[in-house]
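Student: Residue strings, one per chain:
2 protein chains.
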Amino acid sequence: MNPRRRSKPIQIGRVTVGGDAPIVVQSMTKTDTRDIKSTIAQIKELEDCGGELVRVAVPDMKAAEAISPIKQGVSTPIIADIHFDYRLALMALVAGADGLRLNPGNISEPEQVTKIVQAAKERKVPIRIGVNAGSLPKSKKPKLSIAEQMVEAALEQVRLLESLDFDLIKVSLKAFDVPTTIEAYQSIARKIAYPLHIGVTEAGPPRTGIIRSTVGIGTLLYQGIGDTIRVSLTAHPREEVIAGYEILKSLNLRQHGPVLVSCPSCGRAEVDIIKLAEAVEKELLKITKPIKVAVMGCVVNGPGEAKDADIGIACGKGRAVLFKKGKKLRTIEEKDFITALMAEVERF
Amino acid sequence: MNPRRRSKPIQIGRVTVGGDAPIVVQSMTKTDTRDIKSTIAQIKELEDCGGELVRVAVPDMKAAEAISPIKQGVSTPIIADIHFDYRLALMALVAGADGLRLNPGNISEPEQVTKIVQAAKERKVPIRIGVNAGSLPKSKKPKLSIAEQMVEAALEQVRLLESLDFDLIKVSLKAFDVPTTIEAYQSIARKIAYPLHIGVTEAGPPRTGIIRSTVGIGTLLYQGIGDTIRVSLTAHPREEVIAGYEILKSLNLRQHGPVLVSCPSCGRAEVDIIKLAEAVEKELLKITKPIKVAVMGCVVNGPGEAKDADIGIACGKGRAVLFKKGKKLRTIEEKDFITALMAEVERF
Numbered sequence: 074m075n076p077r078r079r080s081k082p083i084q085i086g087r088v089t090v091g092g093d094a095p096i097v098v099q100s101m102t103k104t105d106t107r108d109i110k111s112t113i114a115q116i117k118e119l120e121d122c123g124g125e126l127v128r129v130a131v132p133d134m135k136a137a138e139a140i141s142p143i144k145q146g147v148s149t150p151i152i153a154d155i156h157f158d159y160r161l162a163l164m165a166l167v168a169g170a171d172g173l174r175l176n177p178g179n180i181s182e183p184e185q186v187t188k189i190v191q192a193a194k195e196r197k198v199p200i201r202i203g204v205n206a207g208s209l210p211k212s213k214k215p216k217l218s219i220a221e222q223m224v225e226a227a228l229e230q231v232r233l234l235e236s237l238d239f240d241l242i243k244v245s246l247k248a249f250d251v252p253t254t255i256e257a258y259q260s261i262a263r264k265i266a267y268p269l270h271i272g273v274t275e276a277g278p279p280r281t282g283i284i285r286s287t288v289g290i291g292t293l294l295y296q297g298i299g300d301t302i303r304v305s306l307t308a309h310p311r312e313e314v315i316a317g318y319e320i321l322k323s324l325n326l327r328q329h330g331p332v333l334v335s336c337p338s339c340g341r342a343e344v345d346i347i348k349l350a351e352a353v354e355k356e357l358l359k360i361t362k363p364i365k366v367a368v369m370g371c372v373v374n375g376p377g378e379a380k381d382a383d384i385g386i387a388c389g390k391g392r393a394v395l396f397k398k399g400k401k402l403r404t405i406e407e408k409d410f411i412t413a414l415m416a417e418v419e420r421f
Numbered sequence: 074m075n076p077r078r079r080s081k082p083i084q085i086g087r088v089t090v091g092g093d094a095p096i097v098v099q100s101m102t103k104t105d106t107r108d109i110k111s112t113i114a115q116i117k118e119l120e121d122c123g124g125e126l127v128r129v130a131v132p133d134m135k136a137a138e139a140i141s142p143i144k145q146g147v148s149t150p151i152i153a154d155i156h157f158d159y160r161l162a163l164m165a166l167v168a169g170a171d172g173l174r175l176n177p178g179n180i181s182e183p184e185q186v187t188k189i190v191q192a193a194k195e196r197k198v199p200i201r202i203g204v205n206a207g208s209l210p211k212s213k214k215p216k217l218s219i220a221e222q223m224v225e226a227a228l229e230q231v232r233l234l235e236s237l238d239f240d241l242i243k244v245s246l247k248a249f250d251v252p253t254t255i256e257a258y259q260s261i262a263r264k265i266a267y268p269l270h271i272g273v274t275e276a277g278p279p280r281t282g283i284i285r286s287t288v289g290i291g292t293l294l295y296q297g298i299g300d301t302i303r304v305s306l307t308a309h310p311r312e313e314v315i316a317g318y319e320i321l322k323s324l325n326l327r328q329h330g331p332v333l334v335s336c337p338s339c340g341r342a343e344v345d346i347i348k349l350a351e352a353v354e355k356e357l358l359k360i361t362k363p364i365k366v367a368v369m370g371c372v373v374n375g376p377g378e379a380k381d382a383d384i385g386i387a388c389g390k391g392r393a394v395l396f397k398k399g400k401k402l403r404t405i406e407e408k409d410f411i412t413a414l415m416a417e418v419e420r421f
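Those protein sequence lines, which keep their order, are chains A and B. Mind the numbering: the first sequence is residues 74 to 421 in our numbering, read in order. Mind the numbering: the second sequence is residues 74 to 421 in our numbering, read in order.
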C-alpha cells in the first residue's frame, strides 16, 4: 500500500482536509436547500452517523440565502455546490458557506471566476474545482483521453486561481467510468499538491453504486491518493457516509465503530450463520467503540481463523465457543449466543 | 489500469480459468452438501444469475459421495472443498469433482498430498492451493509478514505438486485484512505463472462485506491480478455472484446484463430520483442484454452528464426528457416515465 500522497492542507470551517488530517468522509443533502427545516434535519442525520462535511445544492438565490439559517442549526461545515451562475457563489459566501464547489464545465469565464475568488479569499473559504466527465468544458486538445481532458480542465482553473494568488484549492475529477476516474486522479496527483476529493459520479443505487464507488475510491486510496471521499449513491445520504467509513476501515485508514468478521457459511456450518451474523450486525449498530467481533460457523476452524478478533463466537451444533483474542473464554448454549457475545463486547 | 497478468490456463470441467479466458465468477453453496436436493437447487439458483463455478464443502465421506448425484442435476463444474482429511479428496475425485481445493494449513503431509495429486492427475482435475491467513501452517520463517507467510505456505505446496509433475494448479491467498490480502497476491503474482483465485475471507454480511471484498478484489484486478473471483459474504451465495459481476463490470472486464447510471439526487431534483431509480433497477433485473441506462435528476445537467448511456431519462418537474446516446428522443409525462424508458430499453 502506498504511503499517502503529501498534500497541502486546507481548512473548511473546523475541518482540515489534506496534509496529515484523517481522510474526511463527506456527503451531500438531497433535500430542497430552500426547505431549511428538512435540510437541517438531514444534516443532523449525517452528523449522527459521522458525516464530517456536507454539501448543499444551490440552484437559486433563495437556496444560497438559506445557507445562513441552515448553519445556525448544525455543526457540520457547509459547502455550497455552484453551477452556471457565479452570483450564487457570491451569495453563498455572504450567507456563510465554509466551502464552495465550482464546476469548470459551466463557470469558466475568467471575470466571473475572479469575482468569486476575491470574495472567497477575503473570507478564507476554500474552493473545490469539481470536474465531471459528463460536463467538461470544450477541450483545446480534443485528441486527449477523457481522463486527460478532465485533468486539463482542472489545471486550467487551478492556474487561474493561482494567478489570483489564491491557493485554498481542492480538486475532484469524477467520471462514471471507473478506470477513467482512477486514471484522471493518478495523473493530477503527480501534477499538483492540493488536496483531492475523490469519488465516482452517478454510480447508481446502493446495490451496484457501492461496488462501483468502492472499486474507484478503494483503488485510489490504496495508491495513497485521496484526502476526502464522497460515495455518490442514489439513496439517503446516510448510506453514503456509512459506505465511506467502511471503505476507509477496510484499508485501516480510519477507525469508526465495530468491525464484524463473519464467515460466509458453508456446508460445514451447523447453525444458521447468516441469520446469526445479521442479528449481531444489528446489535453492533448500538456500539460506537472500535472493536473487532467475529461470528464463525465452525468450532474447528473458527477460533483460529478469527484469532485477530477481540471477541468472537465459533458455533457448533446447539453450542458455541466464546473466545477473546483467539483464546477460549467458555462454551455457551445456542439460546445465549447473542446475549453472551454482546456482554463480552460491552465489557471489552 | 495494468494489462492482465499472463497466467497458465487450467480447465475446471468445461470452464477455463486463466490465460485469455474471461475472469470467472464463482461461489460456494451454503447448504449441507449431503442434502443433495437442496444443494442442487442452490447451484441452479447460482446458474440462473451467472455463477460459473461452484464449490461445495466436504466435511465427511457422505458429502464427498454426494458430489456424484449433485453433478447429475447441474451443469456447473463442481469444486470440492477439502480440509484435514486427504481421503475426502480421494473420494471427491471418485465422485466426479471437477476441481479440488486443499488448505495447506491442514493438509500438508507430503505422503497424503502425493496420494491426492496422483488421483487428480489421472483425472486431469486441477487443485487449488487455498491458503487462509487464519489457518497458516507453522512458518519456517516466523519473522516474515503474514502476507509473506501466506506466500511461503503456497509456494511450498506448489513445489511439492511440481515435484510430482503436476501443474494443474490455481492459488489463493485470502485474509480478512485487505492490505495483507493485496500484498500477498502481489507477491505471488510475481513468483508463479499459475492462475489466481482472488478474494477476501470472512468479509462479513453484505453491507460491510461487499465493501471489504470489493476494495481487495477491485484493487487487485486494477493491477491486472486475478483469473477467478469469489466474493465471500455471509448471505445467500446469489449475492456473491451478483457482487462479483458488478466488480468486473465496473472495471469493464466483463459485461453482464444492464448497467444503471443514476445521479445521487440533490437539492436540485424536482422528482424523487431515489424512488425512480429503485423502480428502474427492479425493471432492469428482467433485462439480460448489456445496455447502459441512465436516470438523472436534472434536465439541464442530465443528458450531458449521461451522454454515454444508451438510453436515459432526465427528469424535471412532472416531465422528463427521454434520450438515446445523448440525443433527445422526446418529452414524456411523469406517469409514463418507467414504461416509456423501458420500452426504449427493450427496443434498443
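These are calculated hints, taken from the structure and not from any lab test. A portion of the hints provided could be inaccurate.
A pair holds if it fits inside one copy or across any two, identical chains being indistinguishable in the list.
List time: in silico DSS-like cross-link candidates among lysine-lysine, alpha-carbon distance up to 27 Å [claimed, not checked]:
1) Lys408 x Lys216
2) Lys264 x Lys397
3) Lys144 x Lys117
4) Lys264 x Lys348
5) Lys213 x Lys400
6) Lys348 x Lys197
7) Lys401 x Lys216
8) Lys110 x Lys397
9) Lys348 x Lys117
10) Lys359 x Lys398
11) Lys197 x Lys359
12) Lys214 x Lys398
13) Lys400 x Lys359
If you're wondering where the values come from, they're calculated on a predicted model, not measured in any experiment.
Student: Each hint needs a verdict: does it hold in this structure or not?
Tutor: Comparing the hints with the structure gives:
For the identical chains of this complex, Lys408 and Lys216 are neighbours neither inside a copy (66 Å) nor across copies (42 Å), given an alpha-carbon limit of 27 Å. Neither within a single protomer nor between protomers do Lys264 and Lys397 lie at most 27 Å apart by alpha-carbon distance, with minima of 48 Å and 36 Å respectively. Taking CA atoms no more than 27 Å apart as the test, Lys144 paired with Lys117 passes inside one copy only; the shortest distance there is 11 Å, against 55 Å between copies. For the homomeric pair Lys264 and Lys348, neither the shortest alpha-carbon distance inside one copy (49 Å) nor that between copies (41 Å) is at most 27 Å.
In the homo-oligomer, the alpha carbons of Lys213 and Lys400 lie at most 27 Å apart only across protomers (24 Å), although the nearest pairing inside one protomer, at 64 Å, exceeds that limit. Taking identical chains as interchangeable, the C-alpha atoms of Lys348 and Lys197 are never at most 27 Å apart, the minima being 51 Å within one chain and 39 Å between chains. Taking CA atoms no more than 27 Å apart as the test, Lys401 paired with Lys216 passes between copies only; the shortest distance there is 26 Å, against 64 Å inside one copy. In this assembly of identical chains, Lys110 and Lys397 lie within 27 Å of each other by CA distance neither inside one copy nor across copies; the values are 46 Å within and 38 Å between.
Proximity of Lys348 to Lys117 under the C-alpha cut-off of 27 Å is restricted to the inter-copy arrangement: shortest distance 22 Å between copies versus 31 Å within a copy. In this homomeric assembly, Lys359 and Lys398 come within 27 Å of each other (Cα to Cα) only inside a single copy, at 22 Å, whereas the closest approach across copies is 47 Å. Within a single copy, Lys197 and Lys359 get their C-alpha atoms no closer than 39 Å, and across copies no closer than 52 Å, so neither meets the 27 Å cut-off. In the homo-oligomer, the alpha carbons of Lys214 and Lys398 lie at most 27 Å apart only across protomers (23 Å), although the nearest pairing inside one protomer, at 58 Å, exceeds that limit.
Taking the shortest alpha-carbon separations for Lys400 and Lys359, only the intra-copy value of 25 Å comes in at or below 27 Å, while the best inter-copy value is 49 Å.
Checked against the numbered hints given earlier, this structure breaks hints 1, 2, 4, 6, 8, 11; the rest are met.
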